[in-house]
Amino acid sequence: MGFREHAAAVRRIFGIVLAVLLIGGVIVAVVAGRDKDKGTATTTVRGVIGSEKAEFFADPDVVKALADKGVTVKTETSGSWAMENLPLKGYDFAFPSSESPAAELARKAGVNGTPLRPFYSPLVVVAHRNAAGVLADNGLATLTGKNTGTLKMAAYLKAAKEDRTWQQLKGSQKYSELNGVVSVTSTDPAQSNSGALYLAAASYVANGGRIVANDADVARTTPLLKKLISVQGAQQSSSDAPFRDFISGAANPLVLVYESQVASLLMQKQDVGDMVVLYPDVTVNSDHTLVPLTPEGRKLGELLSGDKKLRELAVRHGFRPQGAASEFIAATAPHTAYLNQRLTGVRQAPVPKAEVLRDLARRARS
Amino acid sequence: MPRRALMALGLAAVLPMSACTSEDEDNKGGKGGGRRAPGTLRILASSELSDMKPVLDAAREATGVTVEATWSGTLDAVEQVASGKADGAYEAIWLSSNDYLRLRPETAKKITSETPVMTSPVALGVRADVVRRLGWHPDQVTWARIHQAVADGKLTYGMTDPVRSNSGFSALISIASGLSGAQSALRDADVRKVTPKLKEFFAGQKLTSGSSGWLAQAYTRRGDVDALINYESVLLSLNRDHHTDLTVIRPQDGVVTADYPLTALASAPQDARDSVRALTEYLRSTEAQRTLTERTFRRPVVTSVRPAAPLSAAKRRELPFPGTRSVADGLLAAYENELRRPSRTVYVLDTSGSMEGDRLDRLKAALTQLAGADGAATGERFRDREEVTLMPFGSEVKAVRTHTVPEDDPGKALAAIRADAKALTADGETAIFSSLRAAYRHLAERASALGDDRFTSIVLMTDGENTAGDSADDFESFYRRLPGAQRTTPVFPILFGDSDRGELENIASLTGGRLFDATKGSLDQAFEEIRGYQ
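Quick note, the sequences are listed as chains A and B, same order. Just so we're aligned: the first sequence equals residues 1 to 366 in this note's numbering. Just so we're aligned: the second sequence equals residues 1 to 534 in this note's numbering.
Don't read these hints as lab results, they were simulated from the structure. Source: prediction; values computed, not measured. Wrong hints could be hidden among the right ones.
[Stated by the list, open to error] A short list of chain A residues far from chain B (calculated; beta carbon distances all over 10 Å): (1) 62; (2) 65; (3) 70; (4) 71; (5) 137; (6) 158; (7) 265; (8) 327; (9) 330; (10) 346; (11) 353; (12) 355; (13) 356.
[Stated by the list, open to error] No farther apart than 27 Å at their CA atoms in a straight line, the calculated lysine-lysine pairs in the BS3-like style are these: (14) 174/A / 315/B; (15) 226/A / 85/B; (16) 110/B / 85/B; (17) 315/B / 146/A.
Note that CB positions come from ideal geometry on N, CA and C, so glycine has one too.
Isolated chain A, as found in the complex (with noise of 0.2 Å):
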């Protein structure tokens, strides 16, 4: 008895996993097939990228418009100069906000090849209006529009190298959270890029419009930089964090970001209340350099530099598509009272190159 109703048992068993299996098997068949009919299949990407483009790739259309050219991307927020020390196995791509930590990291990961350099955005400042008042009334601003202006950099510098305060300036006193040394905060330099990319800056200007080439150079500028950065005490080391804490209302009153961050507020239409936008007469562009890592993750970058709905969305974040200004000033132009669309008046530094850069950032935070 046993042994045969048993098999009997196992047999009817079987047969319901099988049917349930088949059953399976048919939805599965159905669910590829859809799949199939929407174009080809889709390839997942991972990255590494700084934090401002976390956005970007988030959003839904960019990840629509990548899916339509078979591309999925999974990312990860780093600062830039950070990225170097996670494992880069297993991403295709890392995607750092500027050409000096793209070049390391293309070096240390032995790619060859041109960079992929689809958009960029130069840094600017952020203020409330009652700041940049009081700048402008001081002269270490002006006021090109009610949100607009330009941050005087060698005036600004001038007023950090003496420690000047917010209540040493004139009409400052109305303003209670004006108080303390004037001074801007920016991410980590070691870091992150925008904190790396304010010490080309502040550097350049120090240095009397020269780039800082040499050991006399970074021992010319030192000090100050030194200063730039110890006033801030303890330093973020992602750009997204300093600027979210702006917009929450707990900062200090001059905050570094990129032109970026903010457009993107404004095409979506978000009310940024009394934000000012201050562009440094002597800034530096951020150019945004994706380092393929995979075959794929080159793919990646050509599209983000050549479709045309991509690059479409990438304005929309705020992003300015390397090549033509068109595209960024057509869909920028509701926003001119924040935004500086043909950046006049700004003046480009030039960065230096990596290893000085990291030297001067790592005297600057000793």
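With chain A fixed as given, assemble chain B onto it according to the hints.
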């Protein structure tokens, strides 16, 4: 360092389908080393984030990501990340701030994707009648005015222990910055300069606590403390939930703000890091930001959501967090050993017959650790100026050994405490209540003999039920007849061995203390955690 028993957020609710397989059962509430269910994130988080449950429940609905939180103090969490203990035990950390983490350069490689989710400044909540008495305009109060009111004996307050809790630490930095007149990030010289004023300021601290939650409870119970220093969000929630009627003052000269960055650990597997990203995106959504500001009174970090109604729009300077570890640690060490009111603590220690063997050894080890060598890290040993009494008991109190740890030569007193711990022997019955009574009498005698002003508390460690001497009722009527000042001394009982949870809970709630459970963790962890309350 202390580690609170973990609490799994949302585990009581329905788990996502993927987590319902039997092999994941043993992972429930499992901390460290255990396996992680797919779609679950084990997060080492600041304890005040327990109020985010509604937001995290909604996040699970929207993203399929279940958060299993382990509550921790900020400094303890930083230690776990730096030492590598957090690797493999958690996939993410979510602390009130990563500022202290950043002072440890070795942690830079261990984290990725830090995203601030919301903010809350540390503020002063003052009883409305006290604000009137002081004649303050809440919008125009500076740290200097607060200091003046304290120094004049017109203002008392409660604050968490800066060594264990970020709100206390942030408060310490705000006060030191405000009173030193530092125009930029604090330096060692600023701290030295401001020491006398800080000492005056901390003379007004009448309540201390290892956690924000207990501080609020103790404040409500005491009723004679004028103010609380805590996150704006905690103070406003207290007003809503306990009708405390606190006026929330953000001092005009500046505040230190928590920005709650959700941060992935670099050691976490790929799918977990994807889950962190999904959760981050959800928490930054308009929906989540609206819920969190309305339910928890924190400030949103997106422009599309306005801060909830009770949050003032007036701007405040953000005081910089120190940029070097030497300044931060120097400030903490100064607080512990120099600035705060010293403590007077009685350890009522069960050395009855049942403690014989392993239990007694563990007790000795825990005490020896607290009386550790002079070089121990801040917060890990008895403080300078602290008065420690060991009161071992069996059928009755066996000895009363009091030591004060002097500032100039702490080594000798610590060695004497270690020697006393080593000499403990187990015999006799368990006279819990008579011994507690003796502890209260001892404290009264010390206070009247020395006439000094100290944080006083009693730690009760027992491994069994009361079997000799006074009954619980006797003790209760004794306690209720104590003069008011003595009734503010709390008893912190430790659940250990076969002790009776109900009996100990009653002692804690009668005296305004808090129960610590050493049956799950270890005895030295419980002793260590209580330090924040002494």
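Here's how the hints hold up against the structure:
| no. | hint | in the structure |
| --- | --- | --- |
| 1 | 62 | 13 Å, holds |
| 2 | 65 | 18 Å, holds |
| 3 | 70 | 20 Å, holds |
| 4 | 71 | 16 Å, holds |
| 5 | 137 | 18 Å, holds |
| 6 | 158 | 17 Å, holds |
| 7 | 265 | 6 Å, violated |
| 8 | 327 | 24 Å, holds |
| 9 | 330 | 24 Å, holds |
| 10 | 346 | 25 Å, holds |
| 11 | 353 | 23 Å, holds |
| 12 | 355 | 20 Å, holds |
| 13 | 356 | 22 Å, holds |
| 14 | 174/A / 315/B | 12 Å, holds |
| 15 | 226/A / 85/B | 35 Å, violated |
| 16 | 110/B / 85/B | 11 Å, holds |
| 17 | 315/B / 146/A | 20 Å, holds |
Hints 7, 15 from the earlier list are contradicted by this structure; the remaining hints agree with it.
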